[in-house]
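**Q** Sequence lines, in order, name chains A and B.
In this text, residue positions in the first sequence follow this note's numbering: the first is 214, and each later residue adds one.
In this text, residue positions in the second sequence follow this note's numbering: the first is -3, and each later residue adds one.
Everything labelled a hint here was simulated from the structure, so no lab data went into it.
Each residue gets a CB set at the ideal place from its N, CA and C atoms; glycine is no exception.
Misleading hints may appear alongside valid ones.
Stated by the list, open to error - With a straight-line cut-off of 25 Å between C-alpha atoms, the simulated SDA-like cross-links for lysine to any residue are:
1) K457(B) / E398(B)
2) K491(B) / K512(B)
3) K95(B) / K225(A)
4) K324(A) / G263(A)
5) K264(A) / S426(B)
6) K313(B) / N349(A)
7) K313(B) / S311(A)
8) K371(B) / F140(B)
9) K425(B) / S469(A)
10) K359(B) / D98(B)
11) K281(B) / K348(A)
12) K312(B) / F290(A)
13) K312(B) / S171(B)
14) K425(B) / R282(A)
15) K281(B) / T369(B)
16) K425(B) / S311(A)
17) K281(B) / L267(A)
18) K389(A) / N288(A)
19) K425(B) / L346(A)
20) K352(B) / L346(A)
21) K313(B) / E275(A)
22) K348(A) / D98(B)
23) K247(B) / E138(B)
24) K95(B) / G263(A)
25) K352(B) / F368(A)
26) K95(B) / W426(A)
27) K99(B) / K324(A)
28) K219(A) / Y232(A)
29) K317(A) / D354(A)
30) K371(B) / T327(B)
31) K371(B) / G239(A)
32) K126(B) / K491(B)
33) K312(B) / S506(B)
34) K275(B) / I225(B)
Claimed, not checked - Simulated coverage check for chain B against chain A, where a stretch passes if three residues somewhere in it have a Cβ under 8 Å from a Cβ of chain A:
35) 89 to 96
36) 166 to 178
37) 375 to 388
38) 435 to 444
Listed below are the residues making up each chain.
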Amino acid sequence: MEHSIKRPWSEKIYIGAVYVILIGSGILCLFPFLNVLAKSLSANWAIISGKVGLLPVAFTMENVMFVLRDRLFQNAFLISVFVTVVGSLGAVLFTAVSAYPLSKKHLPGIKFILLLYIFTMLFNGGLVPTYLLIKNLHLMDNLASLILPALINVFNLLLMKNYYESLPESLEESAKLDGASNLRIVLSIVIPISAPVFATISLFYAVYFWSNWFHPMLYLNDPSLKPLQLYLRDIILQASDENLLNQDIDALLNLSPEGIRNATIIVSTIPILLVYPMLQKYFIKGILIGSVKG
Amino acid sequence: MSRKKGLAALLVLLLSFATILAACGGNNKDAGGNSGASPASPSASAKAPESSAAAPEEKPVLKALRNYMQDDYNSYPVNQYIQEKTGYTVRNDMLPQEKPGDKLNLIMASGADYDFIDAMNTQDFFNFAKNGALTDLTPLIEQFGPNIKQALSPESLAGATVDGKIYGIPTLNVSYVRDGLLIRTDWLDKVGKAMPKTLDEFVDVLKAFKEQDPGGNGKNNIPFTIDSIGLVDNIMGAFGIYGQWNELDGKPVNVSSHPALKDYASFVRSLYEQGLLDKEFATNKSATSAEKFTSGRAGVIWARWSSIPGYDEAIKKNVPDAAYQFIPPMTGPDGQSGFTQIGGFNKITFVPKSAKHPEDVVKMVNAMLDPETFKGIFVGEEGVTYTLENGNYMPIEPAFFEQRGSANNFVIGMDEANFVTYWQARLQKSKAMFDNFQLVNNIPKEQIHQDVLAFAPYLPKYSANGAKLDSAVNDYLIKMIVDGVSDDSIASLQKAWNGAGGEEVAQEVSVWYASK
């Protein structure tokens, strides 16, 4: 017995075309990545002479092994992981703790305090004053310079505040009637039911900390503190035409081969590539959080 | 139960976060204490009296800011070698590869605590010196620097002198011809032509490459490929053009107003029109042209000899019996020929005014310039990293490239009488590279033309606009080669060049040149 309604042919063709176009453009986006992947698994001579397309030529694991064994790469990788993990945990904590009282409109002066936060979102000192601030706090060449200033992102704070506001007030009232303290309400009620917003915000922060290269470039001069993104940027820019023109010859003689550059990109992309699909649903949810107020 | 767990988890999280932050802070204090930056920190005050009592002359750790290199300065063998030989431990920080000048200015403007800094862009150095941000090294070199005065020529030191005071220690670059035209000699044999000696012969060879297709590439055959450059070495030399700035009748003249510019551009244009020059050259990146040459599709390529090791491997894999070499200087219609030689200072090392140990920096540099120590820094130890063969320094692989491949980043000032000989060990990495280096560099003196601005002092307008001007010339030349050369197009190049501030720069350059 066929229960489903038969679709007219025209609609079937339409749906089919939509799928083909979407899959096609999806694959198109994948091409550059596959090319880099193929290069990272190819011999250097094949890359130089432009033989490598989507499949490796003269397959070799040498490039990838070289990158994995490279002490500087390992170090940069660990630094990035450290900054991302500690930074995201800290940032979520601080954001959550600041957003909660801001969602309680009946507190005296809370609007003014909120305005102070929003002010920093719209206006800031700019590059040089921020640099001087970090320097005078003696945070130069210290990983805290990457974490501390980013602990509260006002946009994320507002997201969280809106979410708290959307919680029904009666929930807390009933807990109060049962004799729960304020701390108890936060720990036993608010935090458990805020899991989605916590997941979203920590993803936002994690992506920020993982991909941040500008601040490390400014604040870290000690080569052993270099995070992965900065390391990657240096490696990739090495062979740019501008660099080839300006670098002195000894630097050019020490250029790392194309295969190793590509392998570095691949190896450093893999971790975030593994995390993304699992967190993607929170990402999509996150955009909607706080957008509709009940 | 689960509530308790949640509470416990939160507390643990809080605790771990606090601990980590505390640890970060602790590290910082300790680092500050070591370099003597924060005498208030307890670890420093505990250490200081102890060390001064035990060895009153203990050498301080010097904090340095270096140029970008891929390896880690602090764990590179040369750093340890310098410590052994001079007794000074150097803690190296590093500028980023991208726009190092911006970062350097930021660091200098906010008060640097570095003992010495390498400035890759010598114009930055002159800026700081003019602004009084640097320590005058003249008396220190007089007192502690006999080796410095021995190793560096007075001309070099004069290059780091501002208002009669030496503010830095310049490190010379090796002067060399860097670019040339690589030609497939097996193609030459196949079409029965000799190595071209004049531009006419060159055109003849390219035509033969196009018509006879010695590589068997069919429609993919490219007689001659270049990057998206307007000034092609060897060809421009045949017209008496040797780069952006040229000496004409004792005066520096920019290429935009060079009398032979039109002839040169017309010649390259004619190659393009006849299909001898790569049709896609205007959009070529260096990787694209390399691809065409190493896959065996191009007969001639504009290349730097430093690229040869990579090319060599690739082309031999693709075309096993391929042979190639640089074309020696070709003669133009007026009998001119030659190459541009690049040179000048690699960097200038200076001591900021706020530095705490200027005397020790000079002492260390002096020790590094002891001839034997310098050799050890630059090429290492005989039998370990190099061997001597008929006066040539031959690297021992891989020890040489692992331990001394980046040594040039560590040297401060060169043993100017010897460093070029030592340096050539690097070229022996690949025989093809070494041979081709010799081909374009061992040519008669009159065919080598030193870059006019190689040793220029601080030229503020040039330093502000130089790069912009160079690219204006390049862009307009490429446009002419593709669209056609006429008096109008030459005039519009000159107009664009003037519009980018060219006139003022030209004046500045000629005032300096006249006073030289």
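**Q** Next, verify each hint and record whether it holds.
**A** Going down the list of hints, with the structure as the test:
1. Distance check on the hinted pair: K457(B) and E398(B) sit about 41 Å apart at the alpha-carbon level, beyond 25 Å; violated.
2. Taking the CA atoms of K491(B) and K512(B), the gap is near 29 Å; set against the 25 Å cutoff, the hint is violated.
3. Pair hint K95(B) plus K225(A) does not hold up; C-alpha atoms about 56 Å apart against a cutoff of 25 Å.
4. Between the alpha carbons of K324(A) and G263(A) the distance comes to roughly 61 Å, so the proposed pair goes past 25 Å and is violated.
5. With a CA separation close to 23 Å, the supplied pair K264(A) and S426(B) stays within the 25 Å bound.
6. With a CA separation close to 57 Å, the supplied pair K313(B) and N349(A) exceeds the 25 Å bound.
7. Distance check on the hinted pair: K313(B) and S311(A) sit about 63 Å apart at the alpha-carbon level, beyond 25 Å; violated.
8. Distance check on the hinted pair: K371(B) and F140(B) sit about 21 Å apart at the alpha-carbon level, within 25 Å; holds.
9. Restraint check: the Cα-Cα separation between K425(B) and S469(A) comes to about 14 Å, which is no more than 25 Å; the hinted pair holds.
10. Pair hint K359(B) plus D98(B) does not hold up; C-alpha atoms about 30 Å apart against a cutoff of 25 Å.
11. Annotation: proposed proximity of K281(B) to K348(A) is violated, straight-line Cα distance about 40 Å (limit 25 Å).
12. Proximity of K312(B) to F290(A) is assessed by CA-CA distance (about 37 Å); at most 25 Å being required, the pair is judged violated.
13. Under the criterion of a C-alpha separation no larger than 25 Å, the hint pairing K312(B) with S171(B) is inconsistent with the structure, at around 30 Å.
14. Among the hinted pairs, K425(B) with R282(A) is consistent with the structure: their alpha-carbon atoms are about 23 Å apart, no more than 25 Å.
15. Pair hint K281(B) plus T369(B) does not hold up; C-alpha atoms about 42 Å apart against a cutoff of 25 Å.
16. Restraint check: the Cα-Cα separation between K425(B) and S311(A) comes to about 60 Å, which exceeds 25 Å; the hinted pair is violated.
17. Restraint check for K281(B) and L267(A): the C-alpha separation of about 21 Å stays at or below 25 Å, so the hint holds.
18. Between K389(A) and N288(A) the alpha-carbon distance is near 50 Å, which puts this suggested pair outside the 25 Å criterion.
19. At most 25 Å may separate the alpha-carbon atoms for a hinted pair to count; K425(B) and L346(A) exceed this at roughly 47 Å.
20. Distance restraint check for K352(B) and L346(A): the Cα-Cα separation of roughly 23 Å lies within the 25 Å cut-off, and the hinted pair is therefore satisfied.
21. For the given pair, K313(B) sits about 18 Å from E275(A) by alpha-carbon distance, which is consistent with the 25 Å threshold.
22. Restraint check for K348(A) and D98(B): satisfied, since their Cα atoms lie roughly 16 Å apart, inside the 25 Å limit.
23. As the CA atoms of K247(B) and E138(B) are separated by approximately 36 Å, the hinted pair breaks the 25 Å bound.
24. For the suggested pair K95(B) and G263(A), the alpha carbons sit about 30 Å apart, so the restraint of at most 25 Å is broken.
25. A hinted pair counts as satisfied when its Cα atoms are at most 25 Å apart, and K352(B) with F368(A) does not qualify at roughly 44 Å.
26. Between the alpha carbons of K95(B) and W426(A) the distance comes to roughly 14 Å, so the proposed pair stays at or under 25 Å and holds.
27. Between the alpha carbons of K99(B) and K324(A) the distance comes to roughly 40 Å, so the proposed pair goes past 25 Å and is violated.
28. For the suggested pair K219(A) and Y232(A), the alpha carbons sit about 19 Å apart, so the restraint of at most 25 Å is met.
29. For a cut-off of 25 Å, the pair hint linking K317(A) to D354(A) is broken: about 39 Å separates their Cα positions.
30. About 40 Å separates the Cα atoms of K371(B) and T327(B), which puts this hinted pair outside 25 Å; it is violated.
31. The hinted pair formed by K371(B) and G239(A) fails the criterion: a straight-line CA distance of about 57 Å is larger than 25 Å.
32. Distance hint between K126(B) and K491(B) is unfulfilled; the C-alpha atoms sit about 33 Å from each other, more than 25 Å.
33. Taking the CA atoms of K312(B) and S506(B), the gap is near 48 Å; set against the 25 Å cutoff, the hint is violated.
34. Restraint check: the Cα-Cα separation between K275(B) and I225(B) comes to about 13 Å, which is no more than 25 Å; the hinted pair holds.
35. With 6 residues carrying a beta carbon less than 8 Å from a beta carbon of chain A, the segment 89 to 96 of chain B meets the three-residue requirement, and the given coverage holds.
36. Remark: the segment 166 to 178 of chain B is confirmed as covered by chain A, as 4 of its residues place a Cβ nearer than 8 Å to a Cβ of that chain, reaching the required three.
37. Counting residues of the segment 375 to 388 of chain B whose beta-carbon sits less than 8 Å from any beta-carbon of chain A gives 0, not enough to reach three: the coverage restraint is violated.
38. Here's how the segment 435 to 444 of chain B fares: 0 of its residues keep a CB closer than 8 Å to some CB of chain A, so the rule of at least three is not met and the hint is violated.
When held up to the earlier numbered hints, the structure conflicts with 1, 2, 3, 4, 6, 7, 10, 11, 12, 13, 15, 16, 18, 19, 23, 24, 25, 27, 29, 30, 31, 32, 33, 37, 38 and fits the remainder.
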